Structure formats: C-alpha cells, structure tokens
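Q: Required output: the full structure, derived from the provided sequences and hints.
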Amino acid sequence: MRRVLLGNATLQMALTIVIVILANLWVSSHFFRVDLTEDRLHSLDEASKQIVGTLDRPLTVRVYFTRGLEAPYNNHEQAVTDKLEELRAYAHGKLQFTFVDPAGDKTIVEEAQKYGLTALQYTVRQQDRAELRTVWMGAVLIYGDRTEVIPALTNLASLEYELVAAVHRLTQKVKDRPIVAYSIGHGEPDLSKPDGPMRALVEGIGRKVYLVPVELGGVGELAEEVDALLVIGPQKALNERALYQIDQFVMRGGATAVFVTATRPDMRTLRTERVNSGLEPLIGSWGVQVNRDSVIDRVANGAMRFPVKSGNKVGSKEINYPLIVKATDLSQGSVLTAGIDSLLVPFAASLEVGTTLPEGVRAEVLARSSGSSGSLPALKELDPAQFSTVILGEKRGPFSLVVALTGAWRSFFETRGVPQGSPDVPDEQDGMGPDTPFAAEGAPTRLLVAGSADVVANNPTFMLNVCDWLVQDEALITIRSKSATVPTFAATTPGERSGWRAFNLLAGPVVLLALGGLRQVWLRRRAAARKAA
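Going by the working numbering, the first residue of the sequence shown is number 839, and it counts up by one from there.
Read the hints as simulated data drawn from the structure, not as lab findings. Among the hints, erroneous ones may be present.
Under the rule of at most 35 Å between Cα atoms (straight-line distance), these lysine-lysine pairs were calculated in the DSBU-like manner [said to hold, decoys possible]:
id	residue 1	residue 2
1	Lys887	Lys1046
2	Lys1218	Lys1151
3	Lys1074	Lys1155
4	Lys1074	Lys1011
5	Lys1031	Lys952
6	Lys1046	Lys1031
7	Lys1151	Lys1164
8	Lys1233	Lys1155
9	Lys1151	Lys1046
10	Lys1011	Lys1031
11	Lys887	Lys1011
12	Lys1218	Lys1233
13	Lys1164	Lys1031
14	Lys944	Lys1074
15	Lys1046	Lys1011
16	Lys1218	Lys1074
17	Lys1164	Lys1147
18	Lys1074	Lys1046
19	Lys1164	Lys1046
20	Lys1147	Lys1046
21	Lys932	Lys1046
22	Lys1046	Lys952
23	Lys932	Lys952
24	Lys1046	Lys944
25	Lys944	Lys932
26	Lys932	Lys887
27	Lys1218	Lys1164
28	Lys1155	Lys1031
29	Lys1147	Lys1218
30	Lys1233	Lys1164
31	Lys1011	Lys952
32	Lys1011	Lys932
33	Lys1155	Lys1218
34	Lys1074	Lys1233
35	Lys1031	Lys1218
In this text the structure is predicted, and so the values were computed from the model without any measurement.
A: Below, the structure written as structure tokens:
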C-alpha cells in the first residue's frame, strides 16, 4: 500500500513539473497579461487597435537589439516583443516583426546604419567597476516604399506611443500631413533653428506635421492649405494687418494657439521689462482677457539656477522660484491635459474668461494656479529674496493660466475696416496666399490661449497634445497620456505610517501563531477521538 502511495505521489510530482515547464515555454512565446491598473496602463489603447487595423498591406518591423543586456535594460527585449505581439493580434495578419543582434556582424551594422540607426552607449556597473558598453536598441518600420525609424526603444512607458505613432505616420498619405504655420518677425522663437529643450519638441512636432514660418503683417493672408497657427511669445507689437490675418484665419476655421506674456525677465539684471504683443484686444474678442500682471506661487513652483557669491568666487545654485508656477489643478476632462499631473508655467500672466461668451462658444480652463498663488500688478524686481513675504498689492489665487475655446466667432474687424499690409514684410512667403473676401462670420474652430510663452519649452507632452488637438488628430493623445505620468502613493500621516509598520512586523507572526494553535487543537481532538475508539 505504501509503495502504491509513493508511486502516485512521484507521478503527481513529475506531472506537476512537466506542466509547469510546458506552461513556462508557452508563456515565453505568447503574450498574456492581466492588467489591474486603474487606467489600464498596460493594455493596448482602443486608438492603437484602430490605427494598426487600418494597415492595407504588409508592415515589417525590424528590431535591432543587443541581446543579454544588463539593468536597467534587461527586460526591454521581452517588453518590446510583448507589445509587438499585441499589435500584431489587431493588424489582421498585416504586421510581422523580427529581432536581429548587430553585435559582431558587420553586415547587420551597415544595414542598421543605412536606415539611420546608431548604436547607444550606457554604463554597466558591476561590483567595484563601471564599464561603458555600446548596444543597439532601435527599430525600423518598413511599409511598402516608406520607412519610419525609432532610434531608441529605451523608455518602456512610451513604447506603445512610439510604435503606434510610427505606424500612424506610415499610413498617412504624404499630402494629408497637416501644415502648421508659426509666426516670426516679432521676437518669437524661430522653430527652424531650435535650441535647448525646444529642439526635442520641434523634432517631435515635425514628425507629424509640416512646420512653416510666416511673418505676419504684410500683404496677403495665410494660405488655404494651412491647418493651424502658433503664435509664441511675440516681444514686439503685431500691427493691425497681422491681427487681421490671424482674425481671418480664425474666421475660415483655422485652429490657433496663442502664447503671450506681459513681462520679459532679464536674469542678468534681475529686473523685468514690459512686453506689448498687441494681441490682447483680439484675444479679448474671443472671450479671454490677458491681465498685465505676474503670477507667483511660493509653494507650488519649479526650480531655477541663480548666481551666488562665495568669497571671491561666483557660482550658481538651484532654488525653487515662485515665478515658475507649477500648476497641478488641470482639467482631466480634456484630452489636452488627460494623464498630465502638472504644467510648469514660468513668468505667467493670469487670464480671465468672460462671463458672457458668444453663442455656441465653449471655454475650458485647462490649468489653474494653486490657492497659495498670488498675482502682482507691476513686478519690477526678480530677486528671489523679495518673495519670502506677501508683497503690498498682491492678490490671492487661484488664477487661470491656460484656456481652450471651441465654437464660432464674429470678426474682430467687422466694424474696423481692412488694414493695409506693411511694405517691410516680404510679399512672397511659404504659408501665405492671396487676399480673400472679408469674412464677418466665422466657421467653427479651436483656439488656445496661454498666459506664458515659456509654457511651450517646459511642457513637451502638453505641446504635442496641443498640436494634435489643433489639427484634430486626437487618436494619439489618448495613447500618449498613458505614459505621461507614473502613479504615486497618496501622502500618509506619521500615525498611519506607524500603524502600517506595526502591521508589517506583527501580522506574520500572529497569523503563524494562530495557525499553530489551530493545528494543536486539531491534533488533540484527533488523539482524543482515537483514544475513545
């Protein structure tokens, strides 16, 4: 009898081991995931499924990936494989992918370089030494005679967006790619020569739309092919003709985003200069007033480097600066800010939405400063020390900082006449076309107003959302918003932390003691039953 029981136990153990091995082999080659996150961060977005479902011919994804990577990239190959497996499941057999390791293979290295890929370098730390390694972590998507390159698959949080955005660009017809004009000639940043944080932002925008510079204020109007207009921080006043060109672009349904500011900081002298963009009356006709003030926040703010003197040496120190407002009160009901936890809004002017908007116009405040913020009507000094206490004339917040509007407006120039263009502005420009008949009544469109020009460079995810929203390509916004934030724990009180610490220390031993006690009771009862029998 004992031999039979031993044989059964051995057989059960062997079968269990075989099942576990087979299950692991199957799981390693098939994607399967149970997503328990609140916003389903690890599941394909519906927009992703729709985009890969539009493939009408084979799409080949060739991933150039060095095998056997150490942390922090040790799980990346499997994560990329899983994501491509998921996308392939919704591509109706049109998506195929392969992994190749260029290490030690000159032919594959040359092939990757032909597509524009380059090797990456990262430092591997092993016990008492650090080693610089050269690895490959890029991908090429081939769709007929068109290709898209993803130079680095290093960020798993944005992996779905990077892959689906590349597919989206491939399936878009070249002639269908939107044209976004941006104004120049009044002190605005030239996006054709970006530097600093603007470079990565412009590259991201340029992968989806055509960016065209236009100098407003001359003859003609914005070309009919232009889909959207960006006006970013003019430092000189736009003339009446420039305002007219913006107005008529809006009248025919052109989406427009305007980023204005009331002051220009001079960090060398730590003083401010007044800025008059000339846009305030036009923006006011849309239903938004740009105040000539400066919003500060002593609690919710970003950091900035300031010069400090130590003896005879002058260095710099990073300090939290009240003029770099950190807005955490964002509209989570809008696709523009969904999934974004905060916006940095430096050197901002407050905005006020009119109590009576034109019929059919809807305004939504996208970002507000916190209740600890204030506004100063005539800020002249930028010295951080002055903000340690409340300043005379300071108003208490919160204040609106970014506003989105949708609807149709009547022309600002309906009773003003058509102004003449300046002869100093070039007549022929890309993005500009001939005059069209004056339009007094506008078509439905989208407008965005921000009280800071520096919000553009400091919030790349938000700005990519803005461009998608302006050209009404909202499918990618929902995908991007999934990777915009990492969920954080809610703040706990010292008492709560002490309670959880005690629970962690005592819960295990208490459970074991309880189980031991129950077993002792069971053993005694069994012994008593045997004795009675």
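Q: Each of the hints needs a verdict: does it hold here or not?
A: Tested hints:
no.: 1; hint: Lys887 <-> Lys1046; verdict: holds, 19 Å
no.: 2; hint: Lys1218 <-> Lys1151; verdict: holds, 27 Å
no.: 3; hint: Lys1074 <-> Lys1155; verdict: holds, 32 Å
no.: 4; hint: Lys1074 <-> Lys1011; verdict: violated, 38 Å
no.: 5; hint: Lys1031 <-> Lys952; verdict: holds, 26 Å
no.: 6; hint: Lys1046 <-> Lys1031; verdict: holds, 18 Å
no.: 7; hint: Lys1151 <-> Lys1164; verdict: holds, 32 Å
no.: 8; hint: Lys1233 <-> Lys1155; verdict: holds, 29 Å
no.: 9; hint: Lys1151 <-> Lys1046; verdict: violated, 47 Å
no.: 10; hint: Lys1011 <-> Lys1031; verdict: holds, 27 Å
no.: 11; hint: Lys887 <-> Lys1011; verdict: holds, 19 Å
no.: 12; hint: Lys1218 <-> Lys1233; verdict: holds, 16 Å
no.: 13; hint: Lys1164 <-> Lys1031; verdict: holds, 28 Å
no.: 14; hint: Lys944 <-> Lys1074; verdict: violated, 55 Å
no.: 15; hint: Lys1046 <-> Lys1011; verdict: holds, 11 Å
no.: 16; hint: Lys1218 <-> Lys1074; verdict: holds, 19 Å
no.: 17; hint: Lys1164 <-> Lys1147; verdict: holds, 28 Å
no.: 18; hint: Lys1074 <-> Lys1046; verdict: holds, 30 Å
no.: 19; hint: Lys1164 <-> Lys1046; verdict: holds, 28 Å
no.: 20; hint: Lys1147 <-> Lys1046; verdict: violated, 46 Å
no.: 21; hint: Lys932 <-> Lys1046; verdict: holds, 23 Å
no.: 22; hint: Lys1046 <-> Lys952; verdict: holds, 22 Å
no.: 23; hint: Lys932 <-> Lys952; verdict: holds, 24 Å
no.: 24; hint: Lys1046 <-> Lys944; verdict: holds, 33 Å
no.: 25; hint: Lys944 <-> Lys932; verdict: holds, 30 Å
no.: 26; hint: Lys932 <-> Lys887; verdict: holds, 13 Å
no.: 27; hint: Lys1218 <-> Lys1164; verdict: holds, 21 Å
no.: 28; hint: Lys1155 <-> Lys1031; verdict: holds, 29 Å
no.: 29; hint: Lys1147 <-> Lys1218; verdict: holds, 23 Å
no.: 30; hint: Lys1233 <-> Lys1164; verdict: holds, 18 Å
no.: 31; hint: Lys1011 <-> Lys952; verdict: holds, 24 Å
no.: 32; hint: Lys1011 <-> Lys932; verdict: holds, 18 Å
no.: 33; hint: Lys1155 <-> Lys1218; verdict: holds, 22 Å
no.: 34; hint: Lys1074 <-> Lys1233; verdict: holds, 28 Å
no.: 35; hint: Lys1031 <-> Lys1218; verdict: holds, 31 Å
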